[in-house]
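Colleague: Sequence:
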Amino acid sequence: MLEKINQYFEVEKLGSSLRIEILAGLSTFLSLAYIVVVNPAILAEAGMDKSFVLFATVITSAVAMFVMGAWARHPFALAPGLEMNAYVAFVVVGAMGFNWQQALGAVFWSGVLFIVVTLLNVRTKIIQSIPDKMKFTLSLSVGVFLILIGLKLSELLTFDGIYVNGIGDFTSHKAIALYLGVGLILILQKVKFRAAVLVSIILAAIYCNYMGLVEEQKAAELSSAMFSGIFKLDISVLWTNPKIIIAIIVLFLVDFYGSIAKFIGLTINTSIASDDGTIPRMKEALSVDGIATLGGSCLGTTSVTTYVESAVGIGAGGRTGITAIVCGMLMLSCLIITPFLKFIPVVATTGALVVVGIQLCPRLEILKKYNKLDIAVSVIMPILVVFTFSLEKAMLAGFGIYLIAEVVKERKFPNPYLLGSVVLLAIGVVLQYV
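Taking my numbering, the leading residue of the sequence shown gets -12, the next gets one more, and so forth.
Note that these hints are calculated values from the structure, not bench results.
The reader is advised that the hints may include incorrect statements.
As a list, the in silico EDC-like pairs of lysine to aspartate or glutamate whose alpha-carbon atoms are at most 20 Å apart [claimed, not checked]:
#1 Lys329 - Asp36
#2 Lys112 - Glu397
#3 Lys359 - Glu397
#4 Lys122 - Glu352
#5 Lys356 - Asp36
#6 Lys112 - Glu271
#7 Lys380 - Asp147
#8 Lys122 - Glu393
#9 Lys161 - Asp147
#10 Lys112 - Glu393
#11 Lys249 - Glu352
#12 Lys359 - Asp119
#13 Lys396 - Glu352
Could you build the full structure based on these sequences and the hints that come with them?
Modeller: Shown next as structure tokens:
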């Protein structure tokens, strides 16, 4: 039996062992377990019940990791992405006015688009059409968006609708909860404590409860309520309200390019990647991502993506799908925390949002390679995120600038895939005002 496992997962070939893979799975789990607390807290802001969001988060993540491990045979962990759940809660529902059922419909269609693009084998051409620096700038913009959400929830920035209109109270209890969260994460990560984010959220939640920042609410329970989000998505929103198209496009682009960037970043200089730098079974890995997003929307959660925290398990020696399978098995145990979710207000997660946002920003050595055009785009896009509270407008501006530069500099018809991205984003933005 062990020999068959070794052969199928190529454990020894990749320089690993069953013991290392199990420990790597545990390490990855501890580093991303915070999502089972953060996801329900954030999506509750969109009117979703924490019980069914937790259930959807745990089941979708666990199944996605089982499939990633058993089929794609990669050590990548998957769960609902912070960048996507924040976008759904605060933009699609909060700013654009859709209800959460329609928002899940947008998630569903973005998953369908993800799968179609992957199966049609045009993903390589789409990826190649986007300048490398643009991919990093997109990550930067998403990071700024998460930081902005954290500052909004902690009331360090005040808003008039979706627009920043001032600076809040730096000494308020909500602000202190953010400082506490960020400080704890940075300190615990410094000493390489793998559950740093999860522990910081728990301690920040204790502070919030002590200071009376937790509103009285019904406790989430291990009951039939956990299943109340199943198939409640509204997929008809695509033809009943075309304005949803922009949300579908943004969710797809952020998930698609984000997954590619993570796959490359996680496997570079490891035995997972081939000698020429290519990643085996990339199509399978991307398919898992898309299918999990589609399935998650049916259960009651937002887009599922590969987590950068997979790097913790890979750093611990994980090289095969066994790491992902172990992480998925451990994820199932998280259902027991359901009754305690009422004690964790969304403000307790602001430290995690800010730190994850910072981690999404490109490293300094990458920024040093930027030319003047890259620098201009990397400044314009985050500024647009801050002043419009909009990822789609920032992406339209960034893609559009590169498109114009390609036409002017190369004096030729632009890459059709880049042009297509710009046209889709433009249509989506225009539809918001029709």
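Colleague: What are the numbers of the hints the structure violates, in ascending order?
Modeller: Hints 5 and 13 contradicted; others consistent.
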